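> Each chain, written out:
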Amino acid sequence: AQKITQTQPGMFVQEKEAVTLDCTYDTSDPSYGLFWYKQPSSGEMIFLIYQGSYDQQNATEGRYSLNFQKARKSANLVISASQLGDSAMYFCAIWAGTSYGKLTFGQGTILTVHP
Amino acid sequence: SQTIHQWPATLVQPVGSPLSLECTVEGTSNPNLYWYRQAAGRGLQLLFYSVGIGQISSEVPQNLSASRPQDRQFILSSKKLLLSDSGFYLCAWSGRVGRLKSGELFFGEGSRLTVL
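Here the protein sequences come in this chain order: A and B.
Counting with the numbering used here, you get residues 1 to 115 for the letters of the first sequence.
Counting with the numbering used here, you get residues 1 to 116 for the letters of the second sequence.
It should be emphasised that the hints constitute simulated quantities derived from the structure, not laboratory data.
Just so you know, these numbers come straight off a predicted model, no measurement behind them.
Some clues are possibly wrong.
Unchecked claim - Taking lysine to any residue pairs in the SDA-like style, the calculated list, with each CA pair at most 25 Å apart, reads:
(1) K3/A / L47/B
(2) K102/A / P61/B
(3) K102/A / T24/B
(4) K3/A / S84/B
(5) K102/A / V60/B
To be verified - So, partial list: chain B residues that the calculated Cβ filter (under 7 Å) puts toward chain A:
(6) G43
(7) L46
(8) Y49
(9) S86
(10) F88
(11) L105
(12) F107
(13) E109
What the hints assert, rightly or not - If you want a taste of the chain A side facing chain B, the calculated C-beta under 10 Å gives, among others:
(14) I4
(15) P9
(16) F35
(17) Y37
(18) Q39
(19) F47
(20) Y64
(21) F91
(22) K102
All C-beta atoms, glycine included, are put in the ideal place defined by N, C-alpha and C.
Chain A with its partners taken away, still in its complex shape (with noise of 0.2 Å):
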């Protein structure tokens, strides 16, 4: 079975300011994908970003990248010019082998952004 640990229960960051959000996963498998969701207070999972465990480079999707170390394990979520509308919960995902498509989700961390 694969694991998601997001250790920061909260972050805090100013607007315009880059922020990291942590995630270490655990499987087994070497076929695997990497997701990171959106949640704002409406309660709707918004995609952000994927990584593929054979894929080459880092994710990136506009003002997000996915900063993939493959041998520690790490997924972490990278936030360029933090926007007020990016204060939402953050969950990061996997899936592994025969469970493509059947996403394991970590705890979440929850971004607040400053003015």
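Given chain A's structure and the hints, the job is docking chain B onto it.
Okay, now just chain B, sitting in the frame of chain A:
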């Protein structure tokens, strides 16, 4: 484009009453379908997933059941609700292996259930 809808958005039910949450997907065929539950301030827990009509797999033992009567319809049910069933329920779909590279899940708007 594909869309996913679930309803009702909010539900307050007494202990022991039945439950039915419905989810439909449009714009895609033969999707994988999922029900997740999120307890207050916590991560998401996979409850059920389905790879086709009538094919349901349960991930955790519980008071709930799921059914898939049509290709793009997924229903979460209970005959008698417990207090511990309270939470935020999210339906999601994903494409088949090879159709969507990443296995990304697309979520519905969620249904907030309060059992009193």
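> List, from low to high, the hint numbers that the structure doesn't satisfy.
9, 20
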